[in-house]
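Quick note, the sequences are listed as chains A and B, same order. The C-terminal residue of the first sequence carries number 441 in the numbering used here, and the numbering is unbroken. The C-terminal residue of the second sequence carries number 441 in the numbering used here, and the numbering is unbroken.
Treat the hints with caution; some may be incorrect.
Identical chains share a label here; the pair holds if one copy fits it or two copies do between them.
Stated by the list, open to error - Here are the simulated EDC-like cross-link-like pairs (lysine to aspartate or glutamate), alpha carbons at most 20 Å apart as the crow flies:
#, residue 1, residue 2
1, K414, D312
2, K123, D402
3, K320, E240
4, K399, D121
5, K123, D403
6, K388, E165
7, K434, E311
8, K426, D173
9, K171, D403
10, K316, E240
11, K144, D431
12, K292, D109
13, K123, E296
14, K102, E315
15, K102, D312
16, K320, E152
17, K171, E285
18, K316, E110
These aren't lab readings, by the way, just hints derived from the structure by calculation.
Listed below are the residues making up each chain.
Number of protein chains: 2
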Amino acid sequence: MKETFRISSKTVSCYFDEAFSQLKNLFSDVKIIYVTDENVFRQHADKFQSEKVIVIKAGETFKQQPTVDNIVERLIALKADRQTLLVGVGGGVVTDITGYAASIYMRGVRFGFVPTTILAMVDAAIGGKNGVDVGIYKNLVGCIRQPEFLLYDYTFLQTLPKEEWINGFAEIIKHAAIKDADLFAALQQNRIEDYTSSGKALDELIQQNVKIKMTVVAEDEFEKCDRKLLNFGHTLGHAIENSYLLPHGSAISVGMVAAAVLSQQVNNLPAEDADALQQLLQQYHLPVYQNVEADKIWQVLLMDKKKLGDDIQFILLDQIGKAKVMSLSTAALKLFFDDYFKSGKAVTA
Amino acid sequence: MKETFRISSKTVSCYFDEAFSQLKNLFSDVKIIYVTDENVFRQHADKFQSEKVIVIKAGETFKQQPTVDNIVERLIALKADRQTLLVGVGGGVVTDITGYAASIYMRGVRFGFVPTTILAMVDAAIGGKNGVDVGIYKNLVGCIRQPEFLLYDYTFLQTLPKEEWINGFAEIIKHAAIKDADLFAALQQNRIEDYTSSGKALDELIQQNVKIKMTVVAEDEFEKCDRKLLNFGHTLGHAIENSYLLPHGSAISVGMVAAAVLSQQVNNLPAEDADALQQLLQQYHLPVYQNVEADKIWQVLLMDKKKLGDDIQFILLDQIGKAKVMSLSTAALKLFFDDYFKSGKAVTA
Numbered sequence: 093m094k095e096t097f098r099i100s101s102k103t104v105s106c107y108f109d110e111a112f113s114q115l116k117n118l119f120s121d122v123k124i125i126y127v128t129d130e131n132v133f134r135q136h137a138d139k140f141q142s143e144k145v146i147v148i149k150a151g152e153t154f155k156q157q158p159t160v161d162n163i164v165e166r167l168i169a170l171k172a173d174r175q176t177l178l179v180g181v182g183g184g185v186v187t188d189i190t191g192y193a194a195s196i197y198m199r200g201v202r203f204g205f206v207p208t209t210i211l212a213m214v215d216a217a218i219g220g221k222n223g224v225d226v227g228i229y230k231n232l233v234g235c236i237r238q239p240e241f242l243l244y245d246y247t248f249l250q251t252l253p254k255e256e257w258i259n260g261f262a263e264i265i266k267h268a269a270i271k272d273a274d275l276f277a278a279l280q281q282n283r284i285e286d287y288t289s290s291g292k293a294l295d296e297l298i299q300q301n302v303k304i305k306m307t308v309v310a311e312d313e314f315e316k317c318d319r320k321l322l323n324f325g326h327t328l329g330h331a332i333e334n335s336y337l338l339p340h341g342s343a344i345s346v347g348m349v350a351a352a353v354l355s356q357q358v359n360n361l362p363a364e365d366a367d368a369l370q371q372l373l374q375q376y377h378l379p380v381y382q383n384v385e386a387d388k389i390w391q392v393l394l395m396d397k398k399k400l401g402d403d404i405q406f407i408l409l410d411q412i413g414k415a416k417v418m419s420l421s422t423a424a425l426k427l428f429f430d431d432y433f434k435s436g437k438a439v440t441a
Numbered sequence: 093m094k095e096t097f098r099i100s101s102k103t104v105s106c107y108f109d110e111a112f113s114q115l116k117n118l119f120s121d122v123k124i125i126y127v128t129d130e131n132v133f134r135q136h137a138d139k140f141q142s143e144k145v146i147v148i149k150a151g152e153t154f155k156q157q158p159t160v161d162n163i164v165e166r167l168i169a170l171k172a173d174r175q176t177l178l179v180g181v182g183g184g185v186v187t188d189i190t191g192y193a194a195s196i197y198m199r200g201v202r203f204g205f206v207p208t209t210i211l212a213m214v215d216a217a218i219g220g221k222n223g224v225d226v227g228i229y230k231n232l233v234g235c236i237r238q239p240e241f242l243l244y245d246y247t248f249l250q251t252l253p254k255e256e257w258i259n260g261f262a263e264i265i266k267h268a269a270i271k272d273a274d275l276f277a278a279l280q281q282n283r284i285e286d287y288t289s290s291g292k293a294l295d296e297l298i299q300q301n302v303k304i305k306m307t308v309v310a311e312d313e314f315e316k317c318d319r320k321l322l323n324f325g326h327t328l329g330h331a332i333e334n335s336y337l338l339p340h341g342s343a344i345s346v347g348m349v350a351a352a353v354l355s356q357q358v359n360n361l362p363a364e365d366a367d368a369l370q371q372l373l374q375q376y377h378l379p380v381y382q383n384v385e386a387d388k389i390w391q392v393l394l395m396d397k398k399k400l401g402d403d404i405q406f407i408l409l410d411q412i413g414k415a416k417v418m419s420l421s422t423a424a425l426k427l428f429f430d431d432y433f434k435s436g437k438a439v440t441a
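Start from the sequences and build out the full structure, keeping to the hints where you can.
If you want it as structure tokens, here you go:
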């Protein structure tokens with residue numbers, strides 16, 4: 093099923109439940125070069141036969157500039173030019189890096205994604221944000237440029253480890269928490285196995301989430317207002333993710349619970365909503381607390397891209413399904429986090 | 093004198109004959125971080141007192157990714173955030189790298205330029221193309237993003253070596269050759285000393301050239317049609333520049349003469365126009381021929397960003413003041429260059 097979304101002057105086409113092998117037919121007029129990681133390449137070698145493929149090392153640790161440098165060298169060796177289409181096949185690390193390499197190679201060549209994880213399918217591959225980490229600083233360099241297509245081939249999920257399914261549900265629960273109380277209620281009725289075992293339930297869930305994110309991005313591509321809400325759980329999440337080598341989903345799950353507690357304190361979020369969020373995350377096997385040294389993550393937090401002078405633009409919940417941006421002083425935030433991490437557990441736990 | 097140009101949805105302000113020290117007053121609401129090179133910093137140390145400055149090594153050799161990586165590290169150390177304005181103070185290498193670093197740091201922060209060479213004033217700092225070389229491949233990675241201002245402080249030119257003046261006149265003569273027969277005639281009447289010795293003549297010449305380039309860029313920011321003409325002399329020029337460590341002006345001067353000879357052969361350029369171009373370049377002390385190994389530069393030429401399948405989009409002259417894009421097959425071009433470089437001299441010399 094094909095669905096198109098309009099983002100500024102660009103059209104992003106989504107091919108849901110489509111075979112990877114169809115790509116060559118959909119884009120028969122261009123030279124395709126694939127970028128994937130070692131895991132995807134090894135587990136799906138049959139899909140890449142006789143294709144030009146650039147294989148990068150797997151994992152967030154390699155989402156750094158040297159990997160981009162290597163891709164550029166390989167593109168030169170493969171004689172990629174402005175008629176080349178780069179296709180990133182993998183999780184968020186692969187799609188972020190591929191989008192970035194395509195945006196800067198020859199000042200921009202065409203690109204699209206085949207997300208192979210739940211997280212990339214519902215979040216990372218959508219919205220055009222790309223780039224790499226710089227040391228422990230998440231996504232510190234990059235740009236915003238939309239892929240021209242996303243192709244969803246669910247056969248890639250057959251090899252997805254259980255923890256990667258869990259990882260993806262953090263962003264799904266985030267979408268529900270900030271934008272869709274009905275989706276939140278539906279998720280409460282189900283368990284993760286209801287989606288892993290049913291192609292139909294999964295396809296519906298993914299389409300729902302793609303639509304939530306695409307709609308937000310279409311209204312605010314450059315994150316001047318509503319798109320900021322998608323950062324719910326990410327301010328603290330990003331600060332602890334690389335410092336403690338957490339999966340992205342775990343990091344933002346911890347971040348969302350902390351943001352919900354803060355929402356109770358400064359934004360009158362009802363305690364039952366904060367509880368419901370924490371319980372839903374636990375229901376989908378996500379961690380809700382992480383022991384950290386407050387001082388250590390504080391230095392990372394101060395480099396957050398959402399920092400505005402002495403304030404940080406923090407995302408808080410009004411209620412389940414509704415969020416807002418609030419400017420909080422770094423001083424007030426520091427007090428909150430010092431106290432929060434001193435308690436040694438999520439407050440509502 | 094302030095003049096503004098509209099490029100897509102952005103406004104680029106040009107402050108002509110304005111003091112560098114005025115920058116702080118013009119942008120008093122932001123944190124400014126300067127990027128410059130060792131030469132400019134040493135020769136104009138007084139201008140940078142008590143400013144935050146990132147100093148990079150001077151020269152095209154350092155227009156490579158590691159320099160960008162260093163700038164990013166320094167920006168982190170200086171706590172640059174989205175309220176920071178990056179100002180590149182230098183020649184084309186500094187402005188290209190600063191624009192690139194500003195475009196990718198935190199997915200884009202504000203930036204402007206203070207060009208300190210003739211070449212940067214009339215060409216490199218204008219038009220939003222930024223980026224770095226990859227090995228010998230010129231500007232292979234980068235993006236297009238407009239600076240929000242250009243400030244012209246001619247006191248920087250007091251320390252400009254003679255060869256850098258000559259370097260800049262290659263782009264001035266290029267503008268005349270492709271767009272402005274009157275400017276071409278005026279240049280024929282003068283010598284380089286007429287501009288180096290008179291502030292008024294120089295200010296006028298620079299404003300004229302800024303206007304030529306800004307007008308072309310405003311009509312075609314992403315180089316779909318008319319902006320391609322600005323690449324006159326650059327296809328061969330770029331191929332020999334890094335291979336033979338030539339100054340950019342020398343490389344494109346050689347490239348323009350070759351393109352004029354080719355224009356005679358395939359585009360009926362009158363011989364007297366080709367002669368006039370060559371003579372004007374020599375009048376401004378620019379080289380018109382370079383001994384090269386045709387095979388060596390051919391490999392670089394095949395990576396040209398203007399390559400379109402088996403053709404290269406080549407810029408040819410119709411007459412002085414008028415140029416066009418012509419698709420030439422790589423095979424035909426190879427024959428031409430093999431022959432041209434076998435002759436051992438510019439054909440019209």
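These are the hints, each one checked on the structure:
Taking identical chains as interchangeable, the C-alpha atoms of K414 and D312 lie at most 20 Å apart only when both belong to the same chain, with a minimum of 17 Å there against 43 Å between chains. For the identical chains of this complex, K123 and D402 are inter-copy neighbours only, at 13 Å across copies versus 48 Å inside a copy, given an alpha-carbon limit of 20 Å. Proximity of K320 and E240 under a CA criterion of 20 Å is satisfied in neither setting, with 23 Å inside one chain copy and 25 Å between copies. Taking the closest pair of Cα atoms, K399 and D121 come within 20 Å of each other only across two copies (16 Å); inside a single copy the shortest separation is 44 Å, beyond that limit.
For a Cα distance limit of 20 Å, the shortest separation of K123 from D403 across copies, 15 Å, qualifies, whereas the shortest one inside one copy, 47 Å, does not. In this assembly of identical chains, the alpha carbons of K388 and E165 lie at most 20 Å apart only when taken from different copies (19 Å versus 36 Å within one copy). In this assembly of identical chains, the alpha carbons of K434 and E311 never lie at most 20 Å apart, being 39 Å within a copy and 59 Å across copies at closest. In this homomeric assembly, K426 and D173 come within 20 Å of each other (Cα to Cα) only across copies, at 19 Å, whereas the closest approach inside a single copy is 49 Å.
Taking the shortest alpha-carbon separations for K171 and D403, only the inter-copy value of 14 Å comes in at or below 20 Å, while the best intra-copy value is 47 Å. Only between protomers do K316 and E240 lie at most 20 Å apart by alpha-carbon distance; the minimum there is 19 Å, versus 23 Å within a single protomer. In this assembly of identical chains, K144 and D431 lie within 20 Å of each other by CA distance neither inside one copy nor across copies; the values are 53 Å within and 35 Å between. Only within a single protomer do K292 and D109 lie at most 20 Å apart by alpha-carbon distance; the minimum there is 10 Å, versus 67 Å between protomers.
Taking identical chains as interchangeable, the C-alpha atoms of K123 and E296 are never at most 20 Å apart, the minima being 32 Å within one chain and 47 Å between chains. For the homomeric pair K102 and E315, the shortest alpha-carbon distances inside one copy (17 Å) and between copies (18 Å) are both at most 20 Å. In this homomeric assembly, K102 and D312 come within 20 Å of each other (Cα to Cα) both inside a single copy, at 13 Å, and across copies, at 18 Å. Taking the closest pair of Cα atoms, K320 and E152 never come within 20 Å of each other, the shortest separation being 23 Å inside a single copy and 39 Å across copies.
For the identical chains of this complex, K171 and E285 are neighbours neither inside a copy (45 Å) nor across copies (45 Å), given an alpha-carbon limit of 20 Å. Proximity of K316 and E110 under a CA criterion of 20 Å is satisfied in neither setting, with 34 Å inside one chain copy and 33 Å between copies.
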